[in-house]
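**Q** Single-letter residue listing:
There are 2 protein chains.
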Amino acid sequence: MKYSESFIYTQREAPKIAECQSHKLLLRAGFLTMVSSGIYAYLPLGYRVLNNINRIIRKYMDKAGAQELFMSALQPIDIWQKTGRDKDLKDVMFTFEDRKKRKLCLGPTHEEEITEIARRFLFSHKQLPCTLYQIQTKFRDEPRPRFGLMRSCEFIMKDAYSFDRDQAGLDLSYEKMLTAYKNIFRDFGLDFVISEADSGAMGGSVSHEFMVEAAIGEDMLYRCPKENKFYKDTRICPVCKGKLKESKFVELGHVFQLGTKYSLAQEGLFLDENGSRLPFVMGCYGIGVSRVLSAIAEVSSDKKGLIWPKQVAPYDLTLIVLADEHRISALNIADKLNDLGISVLVDERNEAAGVKFNDAYLIGNPYIAVMGKKYSSHKSLDLEVRSNKESKEFTAESLISFLKDEYAG
Amino acid sequence: MKYSESFIYTQREAPKIAECQSHKLLLRAGFLTMVSSGIYAYLPLGYRVLNNINRIIRKYMDKAGAQELFMSALQPIDIWQKTGRDKDLKDVMFTFEDRKKRKLCLGPTHEEEITEIARRFLFSHKQLPCTLYQIQTKFRDEPRPRFGLMRSCEFIMKDAYSFDRDQAGLDLSYEKMLTAYKNIFRDFGLDFVISEADSGAMGGSVSHEFMVEAAIGEDMLYRCPKENKFYKDTRICPVCKGKLKESKFVELGHVFQLGTKYSLAQEGLFLDENGSRLPFVMGCYGIGVSRVLSAIAEVSSDKKGLIWPKQVAPYDLTLIVLADEHRISALNIADKLNDLGISVLVDERNEAAGVKFNDAYLIGNPYIAVMGKKYSSHKSLDLEVRSNKESKEFTAESLISFLKDEYAG
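Chains as they are written, first to last, in our numbering: chain A, 1 to 409; chain B, 1001 to 1409.
Hints are computed from structural coordinates only; laboratory data are not their basis.
The hints are all genuine.
The calculated lysine to aspartate or glutamate pairs, modelled on EDC-like cross-linking and capped at a C-alpha distance of 20 angstroms, are:
no.: 1; chain 1: A; residue 1: 336; chain 2: B; residue 2: 1062
no.: 2; chain 1: B; residue 1: 1063; chain 2: A; residue 2: 339
no.: 3; chain 1: A; residue 1: 404; chain 2: A; residue 2: 335
no.: 4; chain 1: A; residue 1: 182; chain 2: A; residue 2: 251
no.: 5; chain 1: A; residue 1: 63; chain 2: B; residue 2: 1339
no.: 6; chain 1: A; residue 1: 63; chain 2: B; residue 2: 1335
no.: 7; chain 1: A; residue 1: 356; chain 2: A; residue 2: 5
no.: 8; chain 1: B; residue 1: 1002; chain 2: A; residue 2: 62
Work out the full structure, taking the sequences as your base and the hints as a guide.
**A** So, in structure tokens, the structure goes:
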């Protein structure tokens, strides 16, 4: 992608609405723009990161045998009346009537809808276990929208739902998802913590939260500095009896064992070998996709800007071209890298070197290569690793082969 | 994908709600399920087709230099008040208030929101031309939801918007999009017609519709059987003076030259070389993604079921395994084809041959291979082309190499 033809517009100052580091940087670097309080549009850079996050999620969901579908955002309120959650979630659910006075809501989550779908298609124990997932926009009438995508009225979730014949089946499905989640969060490049959590309004018992430490977090955990383990409800380490350190966390993923709450309320029943009708034993598994985007930005930046982990970065490389005479060579290098599946943002704009460097640091692609005087004199480029600022000289060929190795597998 | 592990559940009879061939078949074959009148969920098979349609659209949008973003579904009503379209579209727009009495709507389209984004980032003639697009769920309080995805309350659209400095620029951007659309609709495998259309409520002058002939169509065109050309407002051919034949069409794509309607109303202005502030000259370009899915199903089926064109089919091949002893060989063949990028639905269910054949025809993947007695006796498979029922005998190796050639490029 040529920078001059891209829709990438950075700003020197963060808009006044920005309340935290990630929000400031995502707005300044042109990843997001605010449509209205708590409502955002993803600009092309942000959309690329979103896609990378989704790609990682799909990889491990598919690997775990989950199948992707796409449910509706509009939901009839009557399916919520079956579980009573129309009342429980009343305050955060957008509800309205259509022209025929049909009562609708915008799905803040999809347990009820997926249970309706499951009961329509899954009749027999032979069809179980079954895990379905979707990546979709959800809606929440948020009392205090904050921190950009961290707490917004419209956000993207991956939500998966498992259907099993019994608790032993659910345990297996749940374990598979836990493994998938560990792989997913590792590939996000996040230093995450898993905590056993209170599942509250979801109605189940066992649940785990995937969390990332961040100053803007709203969940509190207590860490033992000796063991580096996390506890939720105690301030004294049960192992070494030392005092625990308070830390704030952001919740990014949450897996629940729902049990039969929804299947009983919605008559989600299947036939077992003996002809008995039994309720599905269900699990649900969420990842806040847009929140992950914000969380990565929150924990991975420096004074100069964002620092994207390799797997989710909008581009793999920013190639800064300082002299117009190197433009064609730069585009050639970019073409060769593209053929290897390595994406390049070629900054061939008619701008001062300082502007280009500032933008490259602000946008935060993992590698920054510079074609400047050294390229004129002896065909060499400087490659800087955004995360640790290490810099090395390369020829075009050795740069390509270095990046090929870096992105292999 | 093993059929026995998939979420593919076909039905013998179409649900009573189904009103036309595509609606019946998509429900019977397990591509869709109705959540409520005019509201559908895409089951895994339908979601795969949707993704293929989107892949084709993205290919040609990106090739035309358009950049993908992702706007919000929730929109503040005040941006609609600027153009007066809050009134024009009042009847079909879902509107409601949030807890802070902020008036919101669910976007039935995004001209207003994209114009707000453009005026925030595009200041100078140097940033033009610029074309942005998204693929997103839209909402419409439909008075008469009909024909499944054809006319529903929630549907998926690709909408693109171009910004130019003048009419000459718009003409170029528009032409590029017309070319992209021709490629897209060709790749959909649709026999389409382009008609110059009345742009009505969109506020522009020049516009073209991409239409497909179908009995359930709501647009009427008149065809000259001699020339095979289409006319909109005359029943006598202006060329051969013969009587024209009436045909019904479904509109799947629509491109408009919007001009300055939105930019003037929303102060979408840029600076030209002389320091004058001028309004963007805009175009907009829509494709009804979910409607395309329905339209393909509507025009491409037979008594036995759906017949998906190669580019959009949920899987490339259904491999029917009639004897359990061939199960491992079948999965081996599928693995080899998967490595070539050819997707296979392996029907290794414990079901009667008739059930498997019926489902393969109903689902409509382009090729159906059968491992039966001939495989036991002399290792050969029958391959049937779903669209023309031609059948040919292959060894496993020659089948793989035949399909490789069929899907090359």
